[in-house]
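Participant: Residue numbers (my numbering), protein chains in the order written: chain A, 1 to 256; chain B, 1 to 486.
Treat the hints with care, as some may be off.
With a straight-line cut-off of 27 angstroms between C-alpha atoms, the simulated DSS-like cross-links for lysine-lysine are [said to hold, decoys possible]: (1) B:459 / B:430; (2) B:459 / B:270; (3) A:151 / A:182; (4) A:151 / B:270; (5) A:151 / B:109; (6) B:459 / B:357.
In short, the hints are calculated from the structure, not lab data.
Residue strings, one per chain:
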Amino acid sequence: MLSIRNLCAGVEGKEILKRIELEVRAGEIHAVMGPNGSGKSTLAQVLAGHPAYTVTAGQVTYLGQDLLAMPPEERARAGVFLAFQYPVEIPGVSNAYFLKAAVNEQRSRQGLEELDAMEFLELLEEKLELVEMDRSFVNRPVNEGFSGGEKKRNEILQLAVLEPRLAILDETDSGLDIDALKVVAEGVNRLRRPDNAMVLVTHYQRILNYVEPDHVHVLFDGRIVKSGGKELALELERKGYDWIREEAAAVQPAGA
Amino acid sequence: MSTTAKTLEALANREYKWGFVSDIEADALPPGLNEDVIRLISAKKKEPEFMLEWRLRAYRHWVTMERTAGAPTWANVKYPPIDYQKIVYYSAPKQKGEGPASLDEVDPKLLETFEKLGIPLAEHKRLAGVAVDAVFDSVSVATTFKEKLAELGVIFCSFSEAVQNHPDLVRKYLGSVVPYTDNFYAALNSAVFSDGSFCYIPKGVRCPMELSTYFRINTAGSGQFERTLIIAEEGSYVSYLEGCTAPMRDENQLHAAVVELVALEGAQIKYSTVQNWYAGDAEGRGGIFNFVTKRGKCAGRRSKISWTQVETGSAITWKYPSVILQGDDSVGEFYSVALTANYQQADTGTKMIHIGKNTRSTILSKGIAAGHGNNTYRGLVKILPRATNARNYTQCDSLLLGDRCGAHTFPYIEVGNASSIAEHEASTSKISDEQLFYCKQRGISGENAVSMIINGFCKEVFKNLPMEFAVEATKLLGVSLEGSIG
């Protein structure tokens, strides 16, 4: 589904991602872990097409298409979803209105008829239950005045409504208390299907207690330095990131 | 250019669809202004003596002002001096004989013009809930639903007809809220105004439909000077709408109107404007100078006047719809969205003058500046010593699109007693790249995202507009309607 080859990218001339290689198949959940500043969020933003980042080399193929050649809105309409680490506020625009616009952009690209207000509300009601959100939520302006936990849950609600083929969750678990974390994890598990895939970008192993990944990758200094199964996450939890740092330094001498 | 900038550019350069000229023969006076011109206007309208005298007093006052201080210069707008002798002060579609007695006799070209503007005047085509007075250049060409309203005692007609048929009401209230001495443009208007709308809502009547006036400037070189007077008797209610457009021309045209509202005890007047005069082209050539005096007087206890304006047009907008809160417990409201794109300039706001006890006022102003637009909020909240327990809440928000535009806020607050409270909040924001990216990541195009964000910014004002107008207003801003669901 997603194939990343030799991806190099940076911001304002500073190289952050260095030769990333990653293969994600339908039905899989990948966890990308790493210490702060390792490039986890950059990877997520580059895949979504954030204009602040420049890709300097490499290819990314998504469902046979050249992902990097597509503008961000086209990527979204083609089923790439990014759950933001810091969702922005859009004052005065209700959640319902925003989501309806998003759903209909996607539907019209797929050649489907746009949903009217009633049809959309029906869909929304169903998804609200999934993330245990109150109905009053839909009339509030997008993320405005939301607590950190509410913002993250709102991202999962959007994920549930848009049903993307590829979901990238950028530290959706950070800053959540244990109850909110369970809700988010439960939402993610229920959205797991054989024909979609997810990339969980996370600092902590905690969410992986609830969402079982097929593959775990460790990102360090812009490189994927270690890949493995779910047991790798547990090892990181036990030993911290220091041993990775040492290993990486041993394998890859500075400047290489 | 970044995608944000491109999207904003597209918005700023939105097309003006109302810029056509109708080929209608005009009965116009030559340009220029003197006492003879005023006598001629008054004679053309077959006015009673008191009107001519009032006009002449206004004219003499204006001449004095012109010779001394001249036009006001305190507003934050720039334009070359206006030559008042080059303006045509009266232009009317030519008609044969006494003029149309009914809609069937109105020049089909005029009906066509209004139809093209989306204002069909034939009653069977109108939305059932709206009565329209259509003003073309200097005269009212048709008023719909007059008979139906008359059954309730509601008078809704052109100002000229009111002078003929209800001279006592005109005499009593004309200039009672905006005297001709008020300001330069009010004096000019009082001298030369040629038509406008007149509404009278009798005691205890809730006007069953929206009353509206649509203003159209057509003739080149002409100014439009109309006057609207609305009187709401005790316990009555009326909602009034105003819309306007003009052809696209390279020269500037002057529009100097006066609107007076009088609300007696327990009466409510809701006045909404969607102003879409031609704004000039992308280089700032042409467009309407919109220098307007609008004021309401809450004369009676517990009366309420509410202004809602969406100002998207005009090269220059200079207007401050105000409320004099004379009656105890009266309420004044001002809700405004002002958009300046290209080289448009707006200096707009309100005055809330608290005279009565327990009077309350709310001011909510949303300024949007794009391109080289310059957007100024100017507002006065004045609480007199005897207005005990008066309250004001003011909120002024500005949204800047791009980096060549400007937003300014000039609030004046004068509180004359210790029991009153005036609150003022202000903010300035930009559409951030992060907001745009967030929308795009959900599949929403940049253009739609900008529209959505602007619409969200204006939402609190739009929700005060009558439904039909809210739709028009959102369309004018190039946005889709927010709040249609949920």
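Participant: Each of the hints needs a verdict: does it hold here or not?
Facilitator: Each hint tested on the structure:
Pair hint residue 459 of chain B plus residue 430 of chain B holds up; C-alpha atoms about 16 angstroms apart against a cutoff of 27 angstroms. A threshold of 27 angstroms between alpha carbons decides the hint, and for residue 459 of chain B with residue 270 of chain B the separation of about 18 angstroms falls inside it, so the pair holds. Of the supplied pair hints, the one linking residue 151 of chain A and residue 182 of chain A holds, its CA atoms being roughly 15 angstroms apart against a limit of 27 angstroms. Taking the CA atoms of residue 151 of chain A and residue 270 of chain B, the gap is near 39 angstroms; set against the 27 angstroms cutoff, the hint is violated.
With a C-alpha separation of about 57 angstroms, the suggested pairing of residue 151 of chain A with residue 109 of chain B is violated against the 27 angstroms cut-off. Proximity of residue 459 of chain B to residue 357 of chain B is assessed by CA-CA distance (about 31 angstroms); at most 27 angstroms being required, the pair is judged violated.
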